[in-house]
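Asks: Assemble the whole structure, with the sequences as input and the hints as a guide.
Sequences listed follow chains A and B, in order.
According to the working numbering, the residues represented by the first sequence are 1 to 334, in order.
According to the working numbering, the residues represented by the second sequence are 1 to 310, in order.
Simulated from the structure, these hints should not be mistaken for laboratory data.
Since this is a predicted model, take the numbers as computed values, not measurements.
One should not assume that every hint holds.
[Claimed, not checked] Label pairs and their in silico Cβ distance ranges: (1) LYS94/B x PRO75/A: 37 to 43 Å; (2) PRO321/A x LYS219/B: 21 to 27 Å; (3) LYS300/A x LYS299/B: 38 to 44 Å; (4) GLN215/B x GLU305/A: 29 to 35 Å; (5) LYS246/B x SER106/A: 38 to 44 Å; (6) LYS300/A x GLU24/B: 49 to 55 Å; (7) LYS184/A x GLY221/B: 52 to 58 Å; (8) ASP302/B x THR243/A: 46 to 52 Å; (9) LYS103/A x LYS286/B: 41 to 47 Å; (10) GLU191/A x ASP302/B: 48 to 54 Å; (11) HIS240/B x ASP235/A: 24 to 30 Å.
[As the list claims (entries may be wrong)] Only pairs whose alpha carbons sit at most 20 Å apart, straight line, appear in this in silico SDA-like list of lysine to any residue: (12) LYS273/B x GLU261/A; (13) LYS146/A x GLU261/A; (14) LYS270/A x LYS139/B; (15) LYS320/A x VAL211/A; (16) LYS273/B x ARG258/B; (17) LYS115/A x TYR333/A; (18) LYS172/A x LEU194/B; (19) LYS270/A x LYS303/B.
Backbone N, C-alpha and C fix where the C-beta goes; we use that ideal spot for every residue, glycine too.
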Amino acid sequence: MVCSNEHTEDIDFFLGEDIIQGENIPFYLLWKGADPKEITLELSGFKSIVELHNAIKSRTVVKEGKTVVSGFYVPGYLGGLLSTEITNIPINYGSLTLNILEKNGSIKSLNAIRKMYTTRLDLKEFPEDISIGDSKVENKISIELKGNTTVFLGIEEMEKNECEIDIPSEVKAIFIKFYESIQKGVNELKEDFPEHQETLELFLVIPDTKVSVTQFIEKYGEKIKESFKDEIFLDAFSTIFITALFEQVGIEDRILKPLNEYFESNADDKAYFLNPLLQIRVPAGGCLMAIKIKANDLLKQESNEVEIKVPLKANEETYKPLKDLFLITRNIYE
Amino acid sequence: MSKIQDTKQLIEIIRTVSESIRGEKKNSLRIECMNGLGIYGTHIKVDNKFSKWVNGLTHGSIEVPESQVYEVRTTGFSPYPQTIKGNVWRFDGKLIVDLKPALEFDLFSIEISYRMDDEFLNSLVRARSSPEPLGDQVKYELSAQLRNPEGLEMGFSEVEIEEFPVTARVHIADRINMNVPDYVKELLSIETDLLGDRNPHASVRMVELQRKKTQLLRKLGKISLSDKIKDLSLILTPTHFSNYVKTIEDFKLHQCERGPEFFQALGMLQLPKSMNVISRTDLNFKKPAAKGTMIYESKKFDKEISNLFK
Chain A
1 MVCSNEHTED
11 IDFFLGEDII
21 QGENIPFYLL
31 WKGADPKEIT
41 LELSGFKSIV
51 ELHNAIKSRT
61 VVKEGKTVVS
71 GFYVPGYLGG
81 LLSTEITNIP
91 INYGSLTLNI
101 LEKNGSIKSL
111 NAIRKMYTTR
121 LDLKEFPEDI
131 SIGDSKVENK
141 ISIELKGNTT
151 VFLGIEEMEK
161 NECEIDIPSE
171 VKAIFIKFYE
181 SIQKGVNELK
191 EDFPEHQETL
201 ELFLVIPDTK
211 VSVTQFIEKY
221 GEKIKESFKD
231 EIFLDAFSTI
241 FITALFEQVG
251 IEDRILKPLN
261 EYFESNADDK
271 AYFLNPLLQI
281 RVPAGGCLMA
291 IKIKANDLLK
301 QESNEVEIKV
311 PLKANEETYK
321 PLKDLFLITR
331 NIYE
Chain B
1 MSKIQDTKQL
11 IEIIRTVSES
21 IRGEKKNSLR
31 IECMNGLGIY
41 GTHIKVDNKF
51 SKWVNGLTHG
61 SIEVPESQVY
71 EVRTTGFSPY
81 PQTIKGNVWR
91 FDGKLIVDLK
101 PALEFDLFSI
111 EISYRMDDEF
121 LNSLVRARSS
131 PEPLGDQVKY
141 ELSAQLRNPE
151 GLEMGFSEVE
161 IEEFPVTARV
171 HIADRINMNV
181 PDYVKELLSI
191 ETDLLGDRNP
201 HASVRMVELQ
211 RKKTQLLRKL
221 GKISLSDKIK
231 DLSLILTPTH
241 FSNYVKTIED
251 FKLHQCERGP
261 EFFQALGMLQ
271 LPKSMNVISR
281 TDLNFKKPAA
291 KGTMIYESKK
301 FDKEISNLFK
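Replies: As structure tokens, then:
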């Protein structure tokens with residue numbers, strides 16, 4: 001008997017949905033009544049079975065790409081985890097078929113097909129050169145996002161890059177003041193909490209200064225929460241952050257700037273610039289911009305990157321937000 | 001206090017306790033995920049006078065390492081129910097449980113609670129929330145299943161994992177972006193420009209920015225920009241966000257938290273980029289796997305944000 005339905009009265013077959021390529025996906029089968037003699041799992045589109053739950057014996061028939069499972073510790077249950085791969089196709093398909101051989105010799109077949117999503121960057125239009133002036137940039141670099149998943153766009157300079165890329169000087173100045181205050185506090189904490197010396201040292205290393213206060217807090221906030229289980233220490237550490245913010249950074253910088261950054265980061269539907277404040281300095285006479293744009297998904301996996309080399313022209317020294325050079329659009333797939 | 005880190009360690013302790021007493025025994029494990037506690041319980045039936053006498057002579061008490069134990073509770077059930085008190089004391093890094101009062105009963109239980117390491121809990125269950133809705137725009141799929149029932153089955157006839165948490169991360173930045181009108185964003189950008197521009201020669205540009213700012217402020221009406229932003233941040237509190245989410249099937253909604261992109265301890269005005277929606281489910285040997293859906297009512301959320309600026 002072939003049964004394409006996943007749920008019958010006696011059987012509950014589950015396979016995770018809304019899959020991002022590269023993710024591991026759980027599946028399970030619950031049944032009522034006697035355990036079957038064996039269950040054969042057949043994969044297509046999925047990479048491999050990385051975990052099997054509750055199976056006493058399993059053997060893989062490599063030739064046929066099948067895994068045969070027999071014997072169950074707890075009755076009525078088989079579970080597992082399937083791995084997937086990042087491909088260059090925005091939507092590809094994975095299927096899992098379970099052939100259940102009952103003790104009386106009858107066979108029941110179940111199948112589930114899932115879409116697996118990713119988003120790739122595609123350089124659509126590439127101007128020969130770009131003129132940078134006071135007005136809006138006319139001939140932008142056009143990048144198409146092919147796929148439906150959320151992406152975070154990161155920008156990296158390449159070796160041949162001649163144009164200076166940095167965050168605006170006033171944002172940098174605020175960050176430096178803020179960071180100096182943190183360092184002072186951290187040095188004091190080292191005396192009170194020698195047991196956390198190692199973690200504290202992390203904050204004494206000068207970070208990449210191409211970050212804003214908001215980004216610094218986002219980055220380290222998570223680390224602090226994860227690594228500091230000592231509540232008294234966490235409290236003391238948080239106080240340093242708060243003091244640094246309130247002492248060194250004015251009210252406008254605490255609220256307006258991060259808010260602006262928050263809105264600026266949006267590049268398109270479900271697409272964000274990781275560092276929206278980056279600006280490019282084009283000297284009089286121009287420079288060659290050579291950068292890479294990388295796309296990360298919500299699982300922090302990189303899908304692909306595009307390399308961009310384009311001469312920028314300017315009559316006089318001009319600063320422009322880097323993101324203004326791009327036109328980001330999305331092509332949704334069904 | 002050290003914590004239990006794997007099943008083997010737990011079963012070792014259970015064996016020590018269980019083997020100390022003669023009688024018919026039933027071992028169970030209840031994991032209270034909300035409290036991070038694993039409660040090992042053994043129900044012991046000693047209705048034979050001879051067994052009681054032998055137990056009384058040889059095993060009048062049991063000893064367990066003190067460091068891992070959170071609480072020990074002894075309860076008598078038959079012939080009458082009674083909680084036994086004052087039979088536990090600490091000595092030389094050990095917890096000594098006096099069983100003599102328990103041996104008065106034909107059926108009694110010993111429950112020992114341990115602090116469970118988070119990693120240990122995660123090693124028992126494989127859970128997933130879909131990272132983002134892709135098929136249906138408002139649904140996050142949730143699932144949880146036992147990874148290693150054989151390990152638990154070796155030590156316990158019953159296992160209850162209560163309220164195992166599964167977190168769905170709801171990305172809200174795009175909804176906020178979409179529903180905050182462009183003139184507000186422009187206003188913010190001008191305010192930032194005005195603050196940032198400390199160049200005295202840029203006065204023409206400053207005047208132009210000021211003019212534009214006054215124009216845009218008119219659109220806002222009588223309420224100031226910072227008040228509007230404060231109202232917006234109130235919509236984005238975890239408690240308020242709970243109004244936009246619900247769960248169906250095997251999971252029940254526990255609470256919402258701000259996503260980790262913002263340092264919560266700062267406690268000032270924040271616009272989180274995501275919200276963590278925590279739902280919980282129960283698992284046991286009879287129901288080793290669970291699935292459910294978290295529904296995010298994004299339209300309701302959108303409407304509330306856009307209404308703010310009407």
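Asks: What hints, given by number in increasing order, does this structure fail?
Replies: The structure breaks hints 3, 4, 7, 8, 9 and 13; every other hint is satisfied.
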